[in-house]
Amino acid sequence: AAGVIQSPRHLIKEKRETATLKCYPIPRHDTVYWYQQGPGQDPQFLISFYEKMQSDKGSIPDRFSAQQFSDYHSELNMSSLELGDSALYFCASSDLGRSNQPQHFGDGTRLSIL
Amino acid sequence: TQLLEQSPQFLSIQEGENLTVYCNSSSVFSSLQWYRQEPGEGPVLLVTVVTGGEVKKLKRLTFQFGDARKDSSLHITAAQPGDTGLYLCVGGTSYGKLTFGQGTILTVHP
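Sequences listed follow chains A and B, in order.
When the letters of the first sequence are read in order and numbered with the working numbering, they come out as residues 1248 to 1361.
When the letters of the second sequence are read in order and numbered with the working numbering, they come out as residues -9 to 100.
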């Protein structure tokens, strides 16, 4: 079965640079979620989109923005990168139209800031 | 704010032993998911429980959802080294918001 696809898998940037992470949800899933996971921590919710509209906002810095496109893929744009942004970034998708459907996670993008 | 207390945080056992991981909350969840995560990879869904008192089995893994849908447990029988990983319990709401437990790092020694 198709899973959530994230790209790139690894990304190395320097401070103050920008980065764009991409997420392709499971086909027919209408909701995308972005998470940030630091070492030894559980995933922290950043932002979610339902049917291409922002549905919920968590601890996403103002330097970050995201959107969901007409084909349901999503991009997380990160600017003025800081050392503390180094983390694993996960995208998850679900079919929110059906009750109690779980979120399925991608394999993540490991972002390293030098 | 919903909180999900997961315990223990670390578990180191020998192959063949049994273990139980607990998740407790004062909040009611519409669903409870258990995920397993390996280093550098995304959480992989193991099971979803939605009905109070529900018990689901996945080979040597038994998952239970409390009657009041506030707590859950994961029991592994005869643990294997391949069971090593981070186990996350995650509470879900009807509108998709997730509450993560702190995770349990399980190490099974051969």
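Hint data in this document are derived by calculation from the structure and do not stem from the laboratory.
The beta carbon of each residue, even a glycine, is placed where N, CA and C say it ideally should be.
Be a bit skeptical, because a hint or two may be false.
[Claimed, not checked] Computed cross-link-like contacts, BS3-like style, restricted to lysine-lysine with a CA-CA straight-line distance of at most 25 Å:
1. B:K87 - B:K49
2. A:K1260 - A:K1299
3. B:K60 - B:K47
4. A:K1269 - A:K1299
5. A:K1304 - B:K87
6. A:K1299 - B:K87
7. B:K87 - A:K1269
[What the hints assert, rightly or not] Chain B stretches covered by chain A per the calculated footprint, using a threshold of three residues with CB under 8 Å from any CB of chain A:
8. 29 to 36
9. 43 to 51
10. 55 to 62
Hint check against the structure, violated hint numbers in rising order: 1, 2, 9 and 10
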